[in-house]
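K.L.:
The listed protein sequences derive, respectively, from chains A and B.
The numbering of the first sequence is the numbering used here, which starts it at -13 and goes up by one.
The numbering of the second sequence is the numbering used here, which starts it at 2 and goes up by one.
Treat the hints as calculated values from the structure; they're not laboratory data.
Remember, predicted model here, so these are calculated numbers, not experimental data.
By construction, the Cβ of each residue, glycine as well, lies at the ideal position given by its N, Cα and C atoms.
A few of these clues could be false.
As the list claims (entries may be wrong) - Derived list of chain B stretches under chain A, where covered just means 3 residues or more per stretch with a C-beta under 8 Å from a C-beta of chain A:
#1 69 to 76
#2 88 to 98
#3 365 to 379
Said to hold, decoys possible - Below, a list of computed lysine to aspartate or glutamate pairs in the EDC-like style, where the Cα atoms sit at most 16 Å apart:
#4 B:K242 to A:D94
#5 A:K84 to A:D307
#6 A:K488 to A:D455
#7 A:K84 to B:D428
#8 A:K488 to A:E442
#9 B:K242 to A:D376
#10 B:K351 to B:D428
#11 B:K357 to B:E241
#12 A:K393 to A:E310
#13 A:K393 to B:D547
#14 B:K242 to A:E310
#15 A:K84 to B:D462
#16 A:K95 to B:D428
#17 B:K242 to A:E436
#18 A:K393 to A:D455
#19 B:K242 to A:E442
#20 A:K393 to A:E417
#21 A:K201 to B:E245
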Amino acid sequence: MRALWRLRAFVGPAMPAFVGSMLAALVAQLIALTIPQVLQQIVDGPLANRDAAAVVPLALLVFGLGAVEALLYGLRRWLVVGPGTRVEARMRNTLYAKLQDLPVNFHDKWPSGQLLSRAVSDLGLIRRWLSFGLVLTVVNVIVIIVGVGILMSMNWLLGLIFLVCSLPLWWAGYRFEGRYSEKSRLSQDQAGDLATAVEESVHGIRVLKAFGRGKHALSNFRSQAESLRSTEIAKARLDADIWVWIMVVPAIALSICLTVGIWLAAQGQLSVGELVAFFATATVLAWPIESIGFMLAFALDARTATDRFFDIIDSENTIVDPAEPRSLDRPRGELAFTDVHFRYQDSPERFGDLLDGIDLVLTPGETMALVGLTGCGKTTLTALTTRLYDVTGGSVTLDGVDVRAFKREELRTHIAMAFEDATLFSASVRENVLLGRPELAGDDPSVRAEADRVLEQALAIAQAAFAYDLPEGLDTRVGEEGMSLSGGQRQRLALARAVAAKPAVLVLDDPLSALDVTTEAKVEAALREILASTTALIVAHRPSTVMLADRVALMEDGRITAVGTHSELLRESEHYRFVITSLEEDARLAATVEDPGPDPAPETASQTEQTIAAEFEAEARAERATREEATR
Amino acid sequence: MSVTGVQGEERDEYSKTESAQIRARSRALLGSLLAPLHAKLWVTAAAIVVSSAAQVAGPALIAYGIDQGIPALINQNWFPVAFAGLAYLFTGLIGGVLIATYIRISARISQAVLIDLRTRVFLHTQRLSLEFHESYTSGRIISRQTSDLDAIRELLDEGLTLLVRGLMYMVFTAVMLLIIDAPSGLVLLASLIPLGILTRWFQLRSQAQFRRSRVASARLIVQFVETMTGIRAVKAFRKEKRNEEEFGRLVEDYRGVNARVLGLFAVFNPGLALIGNTAVAVTLLWGGFRVVDGSLEVGVLLAAVLYTKRFFDPMEDMAMFYNGYQSASSALEKISGVLEEQPSVPDPAKPVDLWKAEGTVRFDGVRFAYTPDRDVLPEFDLEIPAGQTIALVGSTGAGKTTLAKLISRFYDPSDGRVSLDGVDLRDLHPKDLRRAIVMVTQEAYLFSGTVADNIAIGKPDATLDEIKDAARAVGAHDFIESLPNGYDSDVNKRGGRVSAGQRQLISFARAFLADPAVLILDEATSSLDIPSERLVQQALQTLLADRTAVIIAHRLSTVSIADRVLVMEHGRIVEDGSPEQLIAGTGRFAQLHAAWRDSLV
Ligand SMILES: Nc1ncnc2c1ncn2[C@@H]1O[C@H](COP(=O)(O)OP(=O)(O)OP(=O)(O)O)[C@@H](O)[C@H]1O
Ligand SMILES: Nc1ncnc2c1ncn2[C@@H]1O[C@H](COP(=O)(O)OP(=O)(O)OP(=O)(O)O)[C@@H](O)[C@H]1O
Ligand SMILES: [Mg+2]
Ligand SMILES: [Mg+2]
């Protein structure tokens, strides 16, 4: 239960309310326990004496007590409404903030549905437990203890019988805890996995549709849902078992009490009123006892949810702001990589570092193209500049200051990025492009004017004037991930976004890949202007993009193996020629240099194709049979 | 305003007819979910009835024991005492066993309902067209399938058990009370009137709040999902603080709604308790008089008071789970709305089979618009003969992807028809359609899971060798083998574990494995380096030899393998001809091609 105890940090200021609520519930329950005493008075007093008048005040007393009890019930709930929901909100905000703060490698690792299920259902569960479960558990336990005490004081023998007979409940409860906790964790984790499956089925819907694999995705989803189902059923089985105990044990105790009690009454050792009161009290205890099973399960589920919450809160953030941050007013924009090493956390020992000693200096205002084969680590290198990942060795510096010495926020104002995939948000074009300029967000006319100016300029550079022609101009929402735009439009907005941020260093990861040749040329011309004053690192696959650059860095096997102008490298580096030389060029060279022999690749391909075609036939035949079967 | 489907989903107040419409459809959904479970439902009902009866018999047995047992025992007659004791024990046992049975069966029922509902929503979302998804957003669909289903699960899991059990318990208690002492029973029945009024008040007040709560939680989820999906951009552009504010506001909205619901409970609940306690006091008073009169036994009075008290015992839990009920029914309203949505690209009612497609694609008088006011593709005709390889080029935003989406039936044309081998795509059996036409989309989406799984999406029953062959053919084999676990390496969510070019290669292998009659490649090599692109092109040359292909590419190198080039400008096909023809001419393509040649080394 230590996990639940940790919740107190979030309950904090709401503690008095929770305690008050518990007190209210407790008093209400204790009142419920006194009512049988009044009953006893009535039975042994007015009823035994046949005194009608004396019944009235006692009945009124019962009513009064009942009214107070009801009021206290109200109080109990009313007190925790605000605080309870606030605790949930606080936890949710904390979780969200923590998730945003955690580095990208954390997000690489964690399935999205697991995060979502924690943020939504788990926290809801915790809130409900805090407001109801906890209060009721504490109160019920006290009521049971007090109730048993009262029973003992009424008649020690009957009380003792009741108590002794109830002991097995504790044992059952203890066993239940262990088993149920395990299932509870499993089921919440599986629910998270299911959420992940849902999320991917929605985000990947284009692929699923393109291949008609909805059914296939369904079967994966089904099998996950089935495992969740069987966990839930196993949970219910445990629950059912504990209910048997909870129902049967008190029944045994009470039946013995009944027999003995009647015997005692017949012996004259107990008045009828006392016997009545005893059973009335035992009845009041019935619900608290029966609720034990439910409360226990509730508490265990809440504990699991809390554990899952703290899984994230306790995750160590490896990329944090330094204790004594450095700051630069106007960075000149000298970006330098010195002996940079990097490896992804999950890369096995036997593999070398992905970046294995990168040395590269971009002088202020220089435009450097980064060229290398697919998967050689270009994107990874760009991610190191804004600390989306941290180097595992060496350093990246901006104007001679290690990027790790800046506050992340400041660093990211100095360096702006455009990613390979556009990652737009479902907001207006304006908001998307001005993402890096929060100070231009207001509605103030002067701010607005400045914002419009920046927008216009950025859109002009990225050749994204199409945005003005969208149905609602710059206020058109671009749809989730910008999916209501064409690929090239998305990419240009992402480029405009980076440009609008007015950084000292621009890091552009393959920024023109989705543009046609003409647009590309225009973007290049426009970029060249701003690039004159801005340092830029541009990942490039095409000679056309490379043309933008003053110099080119060639990346190979985790190192920069050559730096120079395009023509220098063409001349000097064979690998560079291999990487950048176009197909036609290549074909021409091949034609002149050597006789192009039969390529091995196509052969394998056509073989594969034949087998695939044959199997396709067979499959079609089989399916035709089943489909005909179905129609018949 | 209409409330059909997901329209008006964000509202929380509806007119009477709208309310009725929504309730009717969610009731119909619930009915259809429960229909296959009737047998189980009856068993549970029986278990509840008997177990509640057993529980309810308790006080009567105590009363019997006290009233009959004591005098009898004084006369040395043990029978009534023994009977009372044993019967009490027996009822306890029966009650316990039956409750356990009930819990088990009801868990089965609720899980069956859930899995059925999950499957339906999942399938239906998959059937809904992209048009729907683009406007509805993934976050909302996800919230329908997670938090809304959670609400229903809560009700089914815990809520229903206590609600139904409590209800049965109350009914039996009332009946027992009427049997042993009719006047007390009448008091109890009279108390039902204020009870009903209070419940109705609560129901009316809370319904709107519960609806609001579903909407608020969906908004929360939308924001959450979007942040986590775009975490790199969030970080790079320092959106954290702004997001926190935004999220904080949504959290506060959600909290506010929840607090209002709970506030209503803080009135509802003590109201119930007050009614119950008043009934107890009245029973006691009236019964007391009658005992004094001598018309009532003390034991019976005790039983009457106990019954009256117990009658209200489950009320609190019932109130708590009435909460669950309301929340679940709002959730069901939203889910039934999604299920009511009709796909704008519907499956054909009478599908036409096309066992082996030749691959002739025709556009007849096709016009297409995403939004009614703006034609993206003005009316045009086009025929792509079987086996032809087409290069589709044009400036960005010209409508190339849109045209491709029409061929792969992501959308249906606004006017005219698109056909494959003479069969309108709208009539084609969906399975045949998907087998015949495959599109590699501009965004290479990978699912979390292994590389092999991702490639196998092209052909789910493919063997590992086939998968490897496909990867080899597109030149992805080497890099895959160099991953930590080769084909079994997990690519992480959205393929974050591999580079952009590698993602494209995997997507490409997928399409290669699917082996369709018509293959559409939308910028499938844009992120590849030139050597890999070269390999892919070689693979394409053999792959496309005898099939229809539409290749969209800005790098005109593709053109070399095309039989025919289409140039698109502002949604129109402005040039159409063989590459040689067009290059030799003076049109757009000749210019483009010249520009592209210049851009080469
Ligand atoms: N999150 C990750 N965890 C582990 N390995 C990764 C991760 N992201 C990328 N890799 C691996 O690191 C290598 C470099 O990836 P990176 O994305 O930097 O390549 P790239 O040079 O940008 O390639 P491309 O030109 O295709 O974009 C790849 O082999 C890839 O498989
Ligand atoms: N889902 C959508 N909803 C509304 N408009 C859209 C949608 N998708 C595309 N559009 C618009 O339709 C036009 C054509 O888009 P399309 O994606 O077909 O262009 P494209 O030729 O593929 O361009 P690119 O080369 O940039 O990918 C664009 O103006 C775009 O903004
Ligand atoms: Mg990359
Ligand atoms: Mg496109």
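K.L.:
Going straight from one Cα to the other, do B:K242 and A:E436 come out at no more than 16 Å?
P.N.:
violated (22 Å)
K.L.:
Has the given pair, A:K393 with A:E310, been kept, meaning a C-alpha gap of at most 16 Å?
P.N.:
holds (9 Å)
K.L.:
Between the alpha carbons of B:K242 and A:D376, is the straight-line distance 16 Å or under?
P.N.:
violated (22 Å)
K.L.:
Could you grab the alpha-carbon distance between A:K84 and A:D307 and see if it respects the 16 Å cut-off?
P.N.:
holds (14 Å)
K.L.:
For the pair supplied as a hint, A:K393 and A:E417, confirm whether the alpha-carbon distance does not exceed 16 Å.
P.N.:
violated (24 Å)
K.L.:
For the pair supplied as a hint, A:K84 and B:D462, confirm whether the alpha-carbon distance does not exceed 16 Å.
P.N.:
Distance ~42 Å between A:K84 and B:D462 Cα, so the pair is violated.
K.L.:
Could you grab the alpha-carbon distance between A:K393 and B:D547 and see if it respects the 16 Å cut-off?
P.N.:
Violated, at about 58 Å.
K.L.:
Within a Cα-Cα threshold of 16 Å, do B:K351 and B:D428 meet the stated pairing?
P.N.:
holds (7 Å)
K.L.:
For a C-alpha distance cap of 16 Å, please report whether B:K242 and A:D94 respect it.
P.N.:
violated (22 Å)
K.L.:
Below or equal to 16 Å on CA atoms is what counts here, so check B:K242 against A:E442.
P.N.:
violated (26 Å)
K.L.:
Would you mind confirming whether the straight-line C-alpha gap from A:K84 to B:D428 stays at or under 16 Å?
P.N.:
Given that 16 Å is the threshold and the Cα spacing comes to 51 Å, the pair is violated.
K.L.:
Just to be careful, I want the Cα atoms of A:K488 and A:D455 compared with a cutoff of 16 Å; is the pair within it?
P.N.:
violated (25 Å)
Going through the hint list in order, the structure does not satisfy hints 4, 6, 7, 9, 11, 13, 14, 15, 16, 17, 18, 19, 20 and 21.
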